[in-house]
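Student: So the sequence lines, in the order shown, correspond to chains A and B.
Just so we're aligned, residue 1 is where the first sequence starts under this note's numbering, counting upward by one.
Just so we're aligned, residue 1 is where the second sequence starts under this note's numbering, counting upward by one.
I should point out that these hints are in silico values taken from the structure, not numbers from a laboratory.
Warning: the hint list may mix true and false statements.
To be verified - Here are the computed lysine-lysine pairs in the DSSO-like style, where the Cα-Cα straight-line distance is at most 27 Å:
id, chain 1, residue 1, chain 2, residue 2
1, B, K38, B, K71
2, A, K98, B, K56
3, A, K62, A, K98
4, B, K68, B, K38
5, B, K38, B, K5
6, B, K109, B, K56
7, B, K109, B, K5
8, B, K71, B, K109
9, A, K98, B, K38
10, A, K51, A, K98
11, B, K109, A, K44
12, A, K44, B, K71
13, A, K98, B, K5
14, B, K71, B, K5
15, B, K5, A, K44
16, A, K44, A, K71
17, B, K68, A, K44
18, B, K54, A, K98
19, B, K38, A, K27
20, A, K98, A, K44
21, A, K98, B, K71
22, A, K98, B, K68
23, A, K44, B, K38
These numbers were taken from a predicted model, which means no experiment stands behind them.
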Amino acid sequence: NAGVMQNPRHLVRRRGQEARLRCSPMKGHSHVYWYRQLPEEGLKFMVYLQKENIIDESGMPKERFSAEFPKEGPSILRIQQVVRGDSAAYFCASSPGKAGTGELFFGEGSRLTVL
Amino acid sequence: DQQVKQNSPSLSVQEGRISILNCDYTNSMFDYFLWYKKYPAEGPTFLISISSIKDKNEDGRFTVFLNKSAKHLSLHIVPSQPGDSAVYFCAASATGTYKYIFGTGTRLKVLA
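All chains, please: the whole structure from these sequences, using the hints.
Tutor: And the structure:
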């Protein structure tokens, strides 16, 4: 049973470009979470999705950031018009149930560098 | 507003001794807690969890203690091994919410 798969592992973008980060949850998991880790900081919640639905996006910046989890295919975190402050590690996690019912399984992260 | 706090950014322990990592929270609605370990350039991996109906949970060398009145939990690792050197995060969630809130992490270094 493959774990949470994230790609790309590393992404370099210039200011103003778009970044797309993909996450395939573990088989059988319908709950996906995105977290961001800035250098030397902890994991900050961004968004929680179930298939085709955004459940909680309270941690997502209001502009430039969006997330989706379509019926078919991976979850996508999209950052438009990237700025240097977007440079961070973005972690996806999945779970078979919602928060409080078990652990989250994390991917290895996508490291975004904005030049 | 940091609802989950790990006030010690780093900790060094001799191999074979006990490591104690601490975590404090402010939200009294939190009722489920987890500890994760993270190596550089890898994703966090789950260690152990505890529900608020318990005050202790043990799994091998790892024990988590929960003091609800103090809003404090701790992770004990005994005996500590060099391979335990990593960053440890505590996380909390509240029934009815949809997210885990993570602390800022404690970097543990186990000295051989």
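Student: Please go over all the hints and tell whether each is borne out by the structure.
Tutor: Each hint, compared with the structure:
no.	hint	result
1	B:K38 with B:K71	24 Å, holds
2	A:K98 with B:K56	23 Å, holds
3	A:K62 with A:K98	24 Å, holds
4	B:K68 with B:K38	26 Å, holds
5	B:K38 with B:K5	17 Å, holds
6	B:K109 with B:K56	24 Å, holds
7	B:K109 with B:K5	19 Å, holds
8	B:K71 with B:K109	26 Å, holds
9	A:K98 with B:K38	22 Å, holds
10	A:K51 with A:K98	13 Å, holds
11	B:K109 with A:K44	24 Å, holds
12	A:K44 with B:K71	21 Å, holds
13	A:K98 with B:K5	23 Å, holds
14	B:K71 with B:K5	11 Å, holds
15	B:K5 with A:K44	13 Å, holds
16	A:K44 with A:K71	26 Å, holds
17	B:K68 with A:K44	24 Å, holds
18	B:K54 with A:K98	20 Å, holds
19	B:K38 with A:K27	23 Å, holds
20	A:K98 with A:K44	18 Å, holds
21	A:K98 with B:K71	23 Å, holds
22	A:K98 with B:K68	23 Å, holds
23	A:K44 with B:K38	15 Å, holds
When the structure is compared with the earlier hints, no violation turns up for any of them.
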